[in-house]
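*Asks:* Each chain, letter by letter, is given below.
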Amino acid sequence: MTLTRAYVRALWDGRMILGYTLLLSLTLFIVAPFLMIALRSVGKGWFYRLWLPPQLTLDWYRWAVEVGNIPEVMKNTLIIGIIATAISTVIGIFAGWAFGRRQMPGKEVAMAVILLPRMIPPITYALGVAKIFYTLELVDTYLGVALAHVSVCAPYGILVLSATFEGLDERVLEAADVCGANTIKRFFYVVLPLIMPGILASMIFTFTHSYNEFTLTLLTYGPNTVTLPVRTYLAVGDGYWEITSAMAVIMVIPSLVILAMIQRRAEPEKLVGGFKGV
Amino acid sequence: MTPHWRSHSGTLVTILLLLPALIGFFGLFFYPMLLTVFLSFRPEGQVTGWTLENYARFLSDPDGRWVILLTFILALGSTALSILLSVPLALILREKVRGHQFYRLIVLVPLVIPGLIGALGLLLFWGVRGWFNLFLTQLVPFVTGPVAVNYTLHGLIMFYVWLYFPYTCVTTLSSLESLDRSIEEAGAVSGATRWQVLRHIVLPLITPAILAGSVLTFMAAFGAFSVPLIAGGNYRPLSVEIYKEISVFIPARWSAASAIAMVMGAMQVIFLSLYMRYVRRAGGAGGIR
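Going down the list, the sequences are from chains U and B.
By our numbering, the letter at position 182 of the first sequence is numbered 213, and the numbering carries on one by one without gaps.
By our numbering, the letter at position 10 of the second sequence is numbered 446, and the numbering carries on one by one without gaps.
If you are wondering where the hints come from, they were derived from the structure by calculation, not from laboratory data.
Quick caveat, the model's predicted, so the values are computed rather than measured.
Just so you know, even glycine gets a beta-carbon here, dropped at the ideal spot from N, CA and C.
Please note that the accuracy of each hint is not assured.
[As the list claims (entries may be wrong)] Which stretches of chain U does chain B cover? Using the computed rule of at least three CB atoms under 8 Å from a CB of chain B, they are:
| id | stretch |
| --- | --- |
| 1 | 49-57 |
| 2 | 110-116 |
| 3 | 139-145 |
| 4 | 149-160 |
| 5 | 166-175 |
| 6 | 205-215 |
[Said to hold, decoys possible] A few chain U residues that face chain B, going by a derived Cβ cut-off under 10 Å, partial list only:
| id | residue |
| --- | --- |
| 7 | 35 |
| 8 | 39 |
| 9 | 65 |
| 10 | 102 |
| 11 | 105 |
| 12 | 199 |
| 13 | 267 |
| 14 | 272 |
| 15 | 275 |
| 16 | 289 |
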């Protein structure tokens, strides 16, 4: 007991060193895999126990573009992402306004029900979505894949936007009224600037989810709607690690742009959805 | 006092506002779930008839039970490790150490990166020819051979931690930062050492947030699909097992897949409700924010 206590005390006394060690190892833990991917994508003849690739080449990117058809895949991913974001944002704005601003009986229950898809593993309803889309011939269409994404994306949009609308201060709106603004003016000059950051944040988050969505895409995609995650998965199955790495590098760039936007404009805890309960 | 007709139109507007969400919910979630339920009770490949065989086959199979156990091991193991990693990390980042904004960004990386890319990088880094094993074999004395990490159980748990710890970490950090510093100062003034302040004041106050964040990590880890699919090797949790039923077999075994999906959904819901109940109790009167 005293030994444990002494041990804890020693750890506590050295907490500065420990803290920096933890931060450094965490950085290494998270960043090193990406460095490996980046090096693998430009390395040639990297077979032996070497720290760095012996030769550099851009061949793998050429392969990724020509054989992996990356431009086409990127186009699919963006189109699907934009459709999914648009639908989710419309759903989010309407439902968010209802949840955030309006009185209604059983609001908590209604919200819990609509957010239920977040509680269930996507693969369980992806099966049913795929079955339905096969009969409706929505499989392998942009709209079909995007709709499948909406089932994952919309709950996040609803959460972020209802929090945004709830935070809208009634007194500011009243002040606008007192100053003689009519409804249209009030909306464009007061309400819109106030809710724009929230809508933007919601769009960023839903787009991220659609861009990264794999489970539902895998069950609804076809030859014409291969998205980047699916393309990467297929490439992993083919076993060409260099080409896969090149694809991964191309795919990670938009994610990093999104990360920069999140850091600037939105609160990260909204991304995880860990606000207002779970 | 609002007129009677006015409150009615108000309700109508609310319903209209909720309509897109409700259509989406029923069309893309509820009806698919219902279909899955029906499919799971159909004999394989048929559209009529009722049977419990799909469940019986999966649950009586020792492999099936191992798959369930494995899914829980992966989810609970990675959740526990995420808590152990997140709490010290959040405590450090809260102190605004030099470069803390950079580390905050680093924590968010696994959240915005597609899981497949993360898994690919992790496989490369921890592989036999990756930097981890190069470091071990070339720079650490007494290590003779490479250590297997990829496609092992502990390796997979670690990959899960890499991917899903940010949920716990971000939630813990945001709760720590909204904590009123004067409470800690009151503790310090009353003669508590910094360790005592941490142990008896800060930790109890942020426990609800830690647990709420860990629920998110658990949900993500329990439903994880892409990562075990490419990095799991022989360790196939429920999600991969479901996909195997419809991708490996020809014709696809939709009913078997649906039955496993139902088992998985039910387990998650049951476990989550138990866990949330526990979290609420641990959170005291306030519960989760």
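*Asks:* Compare the structure with each hint and give your call.
*Replies:* Now the hints, each set against the structure:
no.	hint	verdict
1	49-57	holds (count 5)
2	110-116	violated (count 0)
3	139-145	holds (count 3)
4	149-160	holds (count 12)
5	166-175	violated (count 0)
6	205-215	violated (count 0)
7	35	violated (14 Å)
8	39	holds (8 Å)
9	65	holds (5 Å)
10	102	violated (18 Å)
11	105	violated (13 Å)
12	199	violated (15 Å)
13	267	holds (5 Å)
14	272	holds (7 Å)
15	275	holds (6 Å)
16	289	holds (5 Å)
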